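Peer 1: Single-letter residue listing:
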Amino acid sequence: MLRPEPGRPESPRDARPGGGGGEGEGEEGEEGNPFDFAPQPVRLHRDHELFEDGDVLRHLYLQDLYVSEEAEDKRAVSEFACHFSSCSAVFSSLEEYEHHYNSLHRHVCCSCRRSLPSARLLDLHIQEWHDSLFTILAQRQDMYQCLVEGCGQKFRTSKHRKDHLVRIHKYPPDFRFDKTKKNRGTQQTKGQQQKDTAMEVVDEVCEGTSDPPEQGESMETYVCEEEAARMATPASSEEHADVSAADPSTESPSTEPPKARFSYRLVFKQVRWK
Amino acid sequence: MWRLNKVRHKAVRHGDSLEELKLKRREHERALRQARRDRQLVSKRLLLNDDEDQPEVTMDTNTGEQDAVGLFLKLQHGGLGREAHLEALSKVLRDPSAQLAFLKQENSMHLLVGFLTGSDATCRLQAVRCLHELSHSPHASVSSACLPATPYLLTYLSGQSTKFSELCLYTLGNLCPDSDAVKEKLLAQGIIPALASCLENQRHNLAVVEAVGFTLSQFLQAKNAAEKIIPMKDNRELLAHGALLQCSSLLVSLGGAVAEGNKEEGLELFICPLLRCVGNLLSSCPVKELSTQAGDVRIVAALCTLVQAFLQSRPALARESAWVLNNLTALSSASCSALLTLNLVPGLMKLLPFSQGINTMILRILANIAHKKKHFCAQLTRCGLLSALCATLKMADQEMVTLSMDVLYMLVVGGPQVAEEFVKQGGFPLLEALQYNGEGAIRRRATHLLERHLLSCSSYCSENVPCS
Chain A
1 MLRPEPGRPE SPRDARPGGG GGEGEGEEGE EGNPFDFAPQ PVRLHRDHEL
51 FEDGDVLRHL YLQDLYVSEE AEDKRAVSEF ACHFSSCSAV FSSLEEYEHH
101 YNSLHRHVCC SCRRSLPSAR LLDLHIQEWH DSLFTILAQR QDMYQCLVEG
151 CGQKFRTSKH RKDHLVRIHK YPPDFRFDKT KKNRGTQQTK GQQQKDTAME
201 VVDEVCEGTS DPPEQGESME TYVCEEEAAR MATPASSEEH ADVSAADPST
251 ESPSTEPPKA RFSYRLVFKQ VRWK
Chain B
275 MWRLNKVRHK AVRHGDSLEE LKLKRREHER ALRQARRDRQ LVSKRLLLND
325 DEDQPEVTMD TNTGEQDAVG LFLKLQHGGL GREAHLEALS KVLRDPSAQL
375 AFLKQENSMH LLVGFLTGSD ATCRLQAVRC LHELSHSPHA SVSSACLPAT
425 PYLLTYLSGQ STKFSELCLY TLGNLCPDSD AVKEKLLAQG IIPALASCLE
475 NQRHNLAVVE AVGFTLSQFL QAKNAAEKII PMKDNRELLA HGALLQCSSL
525 LVSLGGAVAE GNKEEGLELF ICPLLRCVGN LLSSCPVKEL STQAGDVRIV
575 AALCTLVQAF LQSRPALARE SAWVLNNLTA LSSASCSALL TLNLVPGLMK
625 LLPFSQGINT MILRILANIA HKKKHFCAQL TRCGLLSALC ATLKMADQEM
675 VTLSMDVLYM LVVGGPQVAE EFVKQGGFPL LEALQYNGEG AIRRRATHLL
725 ERHLLSCSSY CSENVPCS
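Listed in order, the protein sequences are those of chains A and B.
Taking the working numbering, the leading residue of the first sequence gets 1, the next gets one more, and so forth.
Taking the working numbering, the leading residue of the second sequence gets 275, the next gets one more, and so forth.
For the record, the hints were derived by calculation from the structure and aren't laboratory data.
This one's a predicted model, so the numbers in the text were calculated from it and none came from an experiment.
Even glycine gets a Cβ: it sits at the ideal position worked out from N, Cα and C.
Among the hints, erroneous ones may be present.
What the hints assert, rightly or not - Cross-link-like lysine-lysine pairs, in silico, BS3-like; alpha carbons within 30 Å at most: (1) B:LYS459 / A:LYS170; (2) B:LYS562 / B:LYS647; (3) B:LYS646 / B:LYS624; (4) A:LYS181 / A:LYS154; (5) B:LYS348 / B:LYS296; (6) A:LYS162 / A:LYS179; (7) B:LYS378 / B:LYS459; (8) A:LYS179 / B:LYS459; (9) A:LYS170 / A:LYS159; (10) B:LYS459 / A:LYS159; (11) B:LYS648 / B:LYS562; (12) A:LYS159 / A:LYS181; (13) B:LYS378 / A:LYS170; (14) B:LYS647 / B:LYS624; (15) B:LYS647 / B:LYS668; (16) B:LYS698 / B:LYS624; (17) A:LYS179 / A:LYS154; (18) A:LYS181 / B:LYS459; (19) B:LYS348 / A:LYS179; (20) A:LYS154 / B:LYS459; (21) B:LYS647 / B:LYS698; (22) B:LYS624 / B:LYS648; (23) A:LYS162 / B:LYS459; (24) A:LYS154 / A:LYS170.
Stated by the list, open to error - Okay, the calculated bits of chain B under chain A, using three or more residues with CB under 8 Å as the criterion: (25) 410–423; (26) 451–464; (27) 590–597; (28) 712–724.
Said to hold, decoys possible - Short derived list, chain B residues pointing at chain A, Cβ under 10 Å: (29) LEU292; (30) ARG313; (31) LEU320; (32) THR391; (33) ASP394; (34) TYR426; (35) LEU549; (36) ARG550; (37) ALA604; (38) ALA644; (39) MET679.
Using the sequences and the hints, build the whole thing.
Peer 2: So this is what it looks like as structure tokens:
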């Protein structure tokens, strides 16, 4: 079944499914010596019958032995609230909280309070929306990076990037994590209004709206304004006043707090579990 | 796999008698074997909820369909309670006809994607559960409805929410085998870097790591995966990255665990792919690099342990272990020497009577050892190989007989007394009989041995009438 084909001793041989070639009929040596055994490593293709049992076992595992979602992390805790005081979400398990936190509060832009799904997308967002140096450089060189990790290509405008995403990476044209700055129009006005409208925004995010999510409303959610202010606090005291009072939607390059981003991450570390 | 114990309890508790369970499993196994022979062996995986132990669909079809449509309309309409509606929908979508009814509603997928990408974390989780149920469908028309969600599922892989990541991964893994077009789309959308990034970020979470493994393996099941998906990555590159070293040392640890009596279920699910990696990587490894690449030569002990441990319970695994040992001994003298020094040869010889392809592999291993040095031949003889050969020469399997004579030839040539010893043990008539064997190769070998090596020895001359 697994007879390696006759050949030079040191070269690896492939065993094809269904048996090898020669019968072991040796090349007759000088004295009519029929013995031609030579050690041969045997390389097997994945469809080889030797692997049948192992494959079947694995698929039995995949199909029969269903993996249940484990309740390992479900320690009994009384209901507790999201750490962010103005986020009114409440949880009865650490798992739930972890998911909530990681989805909504983790990768948040402190300038505009948008939440992004990953660190990388947050970085790109900050660069493209809040970095004036980026804007300047973008006039002269290709600065807009492809969103697909590993692609590495850069583009002159976000429209070019979007075309690339659609054409090459088969993304939908309305990909929700690729908003251009122009789309901010609606949100900008909201932010500029007084506190109660800002509270509206808060409500929208933290408790969930009564409307189903619309086309334009993306994944980018807003972290509560107060929380944004709290987050900026550890960074530097002089910036504190600026950030909390600042209209999150206007760009103020001189007080742009890249530090706020880091302070945000510090806040995460301070989360205490009950 | 660490969850297997927990699941096992649940399965048995469910009321099926042990006999029924066995019968079901046997049928299932037969179906899988046939599927593999047809090159159609593909599995989707379903993650159950906490309160479930079996993926049963308890509701009747009509209710399921109605519920699906009703929930869809409620969700579309908006209003409070959408988290609860989505959760209910995910349960309803276990039923195939409910799935179809849901998908027939216009904009149903658009709605789900909206929740998947919305600002409510719980809704996102429930939405991905809905998608997961759909992805598990064996009908490509149903699972392919999930395709608009893939760029988002991929984006979320670099997030940090573990449960959510697991669901995204298994959903993607279920979609992979549907068609080549799906795989190409996922490739274009960057599934490989996304998986790599997920693995990096969440490598401490075993559940997520296993899920990444599943998704990747589903992806690589494509017929031309080797060319399309991993174009430049041949075995040499894997070797350069230390793959062989890692896998070998893992096998050493596992062999040690098995030797200590570790009977943990699921261990073989781990051992099997390792064996295959080592077996094939060895055959690609240049001989000069073998000592650095193959690492600890104690792997021979681990492999012998595995062969013996699984001989009865999982003979296929024993066979695969023996195959790896063949590849190792074919290439490395150090491993041959280790087998002798560690006194593993007698144990191997005991396996020679066993069929199912194990004995030919074992004999090949012994032949590899004999071929290396004459000095090894002497040691093999001292282990009692000659009497074992007297048994194997009588076997019906032609490959066994041919190999036996090959080994005998090397032993005889290796030392002067060996021929005499063989004759003393009664081997002569065995070879005589083989001169009349149907196979030319066997006849020629028998004749050569008799005429050139055995007829001249003293024990023959003294005990037998010289033949013409």
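Peer 1: Evaluate each hint against the coordinates.
Peer 2: So, going through the hints one by one against the coordinates:
no., hint, result
1, B:LYS459 / A:LYS170, "7 Å, holds"
2, B:LYS562 / B:LYS647, "18 Å, holds"
3, B:LYS646 / B:LYS624, "22 Å, holds"
4, A:LYS181 / A:LYS154, "18 Å, holds"
5, B:LYS348 / B:LYS296, "44 Å, violated"
6, A:LYS162 / A:LYS179, "10 Å, holds"
7, B:LYS378 / B:LYS459, "24 Å, holds"
8, A:LYS179 / B:LYS459, "22 Å, holds"
9, A:LYS170 / A:LYS159, "15 Å, holds"
10, B:LYS459 / A:LYS159, "21 Å, holds"
11, B:LYS648 / B:LYS562, "22 Å, holds"
12, A:LYS159 / A:LYS181, "11 Å, holds"
13, B:LYS378 / A:LYS170, "24 Å, holds"
14, B:LYS647 / B:LYS624, "23 Å, holds"
15, B:LYS647 / B:LYS668, "27 Å, holds"
16, B:LYS698 / B:LYS624, "21 Å, holds"
17, A:LYS179 / A:LYS154, "17 Å, holds"
18, A:LYS181 / B:LYS459, "28 Å, holds"
19, B:LYS348 / A:LYS179, "29 Å, holds"
20, A:LYS154 / B:LYS459, "21 Å, holds"
21, B:LYS647 / B:LYS698, "24 Å, holds"
22, B:LYS624 / B:LYS648, "23 Å, holds"
23, A:LYS162 / B:LYS459, "17 Å, holds"
24, A:LYS154 / A:LYS170, "17 Å, holds"
25, 410–423, "violated (count 1)"
26, 451–464, "holds (count 4)"
27, 590–597, "holds (count 5)"
28, 712–724, "holds (count 6)"
29, LEU292, "15 Å, violated"
30, ARG313, "7 Å, holds"
31, LEU320, "6 Å, holds"
32, THR391, "5 Å, holds"
33, ASP394, "5 Å, holds"
34, TYR426, "7 Å, holds"
35, LEU549, "8 Å, holds"
36, ARG550, "7 Å, holds"
37, ALA604, "4 Å, holds"
38, ALA644, "9 Å, holds"
39, MET679, "8 Å, holds"
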